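S.K.: Each chain, written out:
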Amino acid sequence: MPRHDVLVIGAGLAGQRAALAAAQTGVSVGIISKVHPVRSHSNAAQGGINAALNPDDSWESHAFDTIKGSDYLGDQDAIEIMCREAPEEIIHLEHLGVPFHRDDAGRLGTRAFGGASAARTYYVADITGQAIMHVLYEQLMKHSDSVDRYEEYFTTSLAIDDAGECVGAVTRNVRDGSMELFEAKNVILATGGNGQIWRPTTNALICTGDGIAMAYRVGAPLMDMEMIQYHPTTLAGKGFLITEGARGEGAHLLNAKGERFMERYAPNKMELASRDVVSRAEQTEINEGRGFEDGTVALDVTVVPKKRVHEALREIVLVGRDFAGVDITQEPIHIKPGNHYTMGGVKTDIHGATNVPGLYAAGEAACVSVHGGNRLGANSLLDTLIFGRRAGEHAANRAKRNDFGRVSRSILADEEAQIADLIGRERGAGRRISEIKLELGQTMDKHVAVFREKESIETALEVVKRLSEEAKSAYIDDKGTIFNQDVLGAIELGFMLDGAECTCLGALHREESRGAQFRTDFPERNDDEWLKHIDLTMNGDGPEISYSDVTITDWQPQERTY
Amino acid sequence: MRVTLNVWRQADAEAEGAFERYEDVEIDENASFLEMLDVLNDRLLTDGKKPIAFDHDCREGICGSCSLLIDDMPHGPRQVTSCQIYMRDFEDGQEITVEPFRATAFPVMRDLMVDRSPLDRIVESGGYVSVNAGPKPEPNSIPVHPEIQEAAMDAAICIGCGACVAACPNGSAMLYTGAKVTHLNLLPQGEPERFHRTRSMVRQHDDEGFGACTNTGECQQVCPQNISIKVIGELNREYRGAMIHKLRGRSGPLEAQ
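Here the protein sequences line up with chains A and B, keeping their order.
Per this note's numbering, the very first residue in the first sequence carries number 568; after that it's consecutive.
Per this note's numbering, the very first residue in the second sequence carries number 6; after that it's consecutive.
Next up, chain B with everything else stripped away, as it sits in the complex:
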């Protein structure tokens, strides 16, 4: 099959980017989308042009590196990672637009690569367990109901790709933050720090320039790990609890968080 591509090209973070058009890219329909970009890069190299830079590594949907906006959809049409998109998902002769993930908090670094370190800083602000209890207590002394464990795992499954942010009209990372908070706050080991964790992570989320959630639901529609928007509900509930906890703990006025 043949496709025509409009690909975002940008030399570096400061440069002004623009679409470049590549016509008649010939490719097997069973090739993956990234393999198609490999083929196009090969052609560019043969023509003495700079290859298109894009993030990729495992190419089996686990590492969370790939981050393409394909025809305005983060990771393309099928709610998987970009590397799991196949050319058979498109029509012969189709024109396809490829951009980096778009969000205020994710600056483009080159071509299709963005800086997703703001997500890390949300975790850095409190998304961890800091109690270091050594080998005790033995884990079976605090049973965890399998439903709770599974709910924690369903949140821990986040690969940090950032598609939720790119899909959100507000550029919000609430699905990501909600997943991180839900994973730890549901488990007994995350309990002692839950309020502090929730407050810090939400504050960092806002400071990084991510927008607020307005229940659009685009995030869960593109999440390759199928993380449900319920984690945002969980986050809001935890946040409310954390703020009330803070209010009760002091007599003065509520600080803006």
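The shape of chain A in the complex, shown without the other chains:
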């Protein structure tokens, strides 16, 4: 049985950063990933990473922008930490070899991003996530003596001892189908968001919210699950992302009449208002008949100088060419709001610790909460690194004080039995996994998206409950052991359905409009009643709803205009 002081699950930016931070304190670290680490979805982060590094800028300004962006639902103590520690983290990355953009004088250059009062986004063209991830992976390789990598291991559940502490995890080796119990003093979940619940989404196929659901199942509360970001610029149909950097470089949004409609919604910031505001503006244009026939509006990149496009936006030139057949330097490209980011997640404190002792969460899987009701562009990479590091350090220190818990081997047998049951189901007895996933995705995108109201959320919730029942008898065709992606798909579906139910419940419960949650039946923000987090805890079979206070330090809620 593999044994580690700190076991990290997920090897995107948060996971790798956590593993490195823990390893540097000298404890033994294991990192598990269901895919090869550099295939993780942090790769897809295009635009950049925020930090108030410039002498003219200040962390307070960055913090205020983040708080305002969050529609005052973000916890200000956590936001302060993130913004204060950001510059040092950027310098650290630069030292490790991330080739951040340099201006003509050879100094670090920045770009403007939505909802920010200064151009404080550091970037590597539009491959920022990829560039950081590959450099962190190099560092992980450098620490091969102290960090054991378990690549292509799928985690099916967390192990909890009699005292209620997290003491390990059960995994399935994707390469040969063998099941293994990992023993750990601490487990850090860095498994990312659950965008696959929606279809289309900008998220990769692996973003199924495994950690969010696993934590929920062992009694850790989830927080603000209704807060789901729809990114303003995704390609219709398949949901490919066009970076906010395009608007940062000056691209316009136009409706079918050619009007720059953001004038009416955010006269000051225009296209660079925060994402929830821009997505709602676009959806309003589309709903009121001023969009194109394919249910889109247009992003006009032709107003950006060509040299700048080729230097700073090269990836999206390719996306336009390959996936939409459009040369974005020549003509506007049709876009619409699309599912992008999970602001909610496993509730943690500022060290990444959850309510379950020994269990930590970081990155998109976690809800610290620094993003509150709406995440600002280029704050997610920052979140993964700052809170990944903090969770890694805190877990390592805890490991030095604690002994290994008692792991019951029965959990391994339970998981094996469940998978055997799954594989043993008769063909044709129920629905196929892929059908259920499709229905889930389309339902959520229709009913729990940019605009929501009671009836539509209830409809979605009913569908989710029915699908959860259907998933119990759904069958898979591949019964093999080697790279059996069917088995993983079935387990992931279970994780997705748990996440979907929590999102529906949160959305139904929060009877106001704040950040990404816009209720057409409650169109105003209501600070008197709803300036609080919604926590969901698994109690027996069902979720229990409770509330927690939003931490406010220096910034009192104000009206939010851009």
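None of these hints come from the bench; they were simulated from the model.
Hints may be right or wrong, so weigh each one.
[Stated by the list, open to error] Computed list of lysine-lysine pairs in DSS-like fashion (alpha-carbon distance at most 27 Å, straight line): (1) B:K55 <-> A:K709; (2) B:K55 <-> A:K1046; (3) B:K235 <-> A:K1039; (4) A:K874 <-> B:K235.
[Said to hold, decoys possible] Non-contacting residues of chain B with respect to chain A, defined by C-beta distances greater than 10 Å in every case (computed): (5) W13; (6) R14; (7) I32; (8) D76; (9) P82; (10) K141; (11) A157; (12) I162; (13) Q225; (14) G238; (15) G254.
[To be verified] Going by beta-carbon spacing under 7 Å, a handful of chain B positions derived as facing chain A: (16) D17; (17) L50; (18) A58; (19) E100; (20) I101; (21) V128; (22) G132; (23) Y133; (24) V134; (25) P144; (26) M158; (27) N175; (28) L189.
A quick note: this is a predicted structure, and the numbers were derived from the prediction, not measured.
Don't be surprised by glycine CBs; every beta carbon is placed ideally from N, CA and C.
For this one, chain A is given, so just place chain B on it according to the hints.
M.R.: Frame of chain A; chain B shown alone:
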């Protein structure tokens, strides 16, 4: 449109593989190549057969997972990743051969999936910066000319898909290694370890069973990230410098590297 596929099927690493023929796969011409495989898998599942295993994840050309040899071309006909190939890139009725990436150093694990971990071990041997200077010095105290930064980025853009290896008649990973070495060696933070890095990575490259570069240039023709063969020139120059540095530093005979 309809196509006929010859797909490499192999149960596991030890099993002997063979092509299987799938006729009349009906597919929209605007579907992607991977969506076509999804449709074929659906048909196989309906017929009670094992689906074709292939690596894929983001399906937008970033993650570097997909790795198909389509009609003898790594990633197919258009110098993009396999997931960016569309059925409209083929003729109606065409017969298409699909294999895993072929290279001595990349063993097939199942069907169209290969083990690319030898690439990781090249990085593990020295492809990183090990100076941990903390928050100082402030990065702007060492200006980096934008041309240098861009050249480093053009190398750092590698997604590690391994198409360069599959395209090379020698199964060489010199484009990959060159990209990794160029990225770090060009930057000031990579400078102190450049010689050690270059020597170790080249040694590991050879130990993994990758072949040598003979300037065929196939690698840059298939690289979806458009990495230029210049990085191999850069690698050779760095390697020469590293060996001379080593020679000067010792009086004894030059060790075989």
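S.K.: Would you mind marking each hint as holding or not holding in the structure?
M.R.: Here's how the hints hold up against the structure:
1. B:K55 <-> A:K709: With a Cα-Cα distance of about 39 Å, the restraint between B:K55 and A:K709 is violated, given a limit of 27 Å.
2. B:K55 <-> A:K1046: With a Cα-Cα distance of about 8 Å, the restraint between B:K55 and A:K1046 holds, given a limit of 27 Å.
3. B:K235 <-> A:K1039: Answer violated: B:K235 to A:K1039 is near 55 Å, above 27 Å.
4. A:K874 <-> B:K235: holds, 23 Å
5. W13: The assertion about B:W13 holds, with a minimum of 14 Å to chain A.
6. R14: Answer for B:R14: holds, closest chain A Cβ roughly 13 Å.
7. I32: holds, 16 Å
8. D76: holds, 19 Å
9. P82: Check passes; 13 Å lies beyond 10 Å.
10. K141: violated, 8 Å
11. A157: violated, 4 Å
12. I162: violated, 6 Å
13. Q225: holds, 17 Å
14. G238: Given that every Cβ of chain A is farther than 10 Å from that of B:G238, nearest at about 19 Å, it holds.
15. G254: holds, 24 Å
16. D17: holds, 5 Å
17. L50: Check passed: Cβ of B:L50 comes within 4 Å of chain A, closer than 7 Å.
18. A58: holds, 5 Å
19. E100: violated, 24 Å
20. I101: Violated, about 19 Å.
21. V128: holds, 5 Å
22. G132: holds, 6 Å
23. Y133: holds, 4 Å
24. V134: holds, 5 Å
25. P144: At about 5 Å, which falls below the 7 Å cut-off, the nearest Cβ of chain A leaves the hint on B:P144 intact, so it holds.
26. M158: Because about 4 Å separates B:M158 from the closest Cβ in chain A, which is inside the 7 Å limit, the hint holds.
27. N175: The hint is violated - B:N175 has no Cβ within 7 Å of chain A, the shortest such distance being about 25 Å.
28. L189: holds, 5 Å
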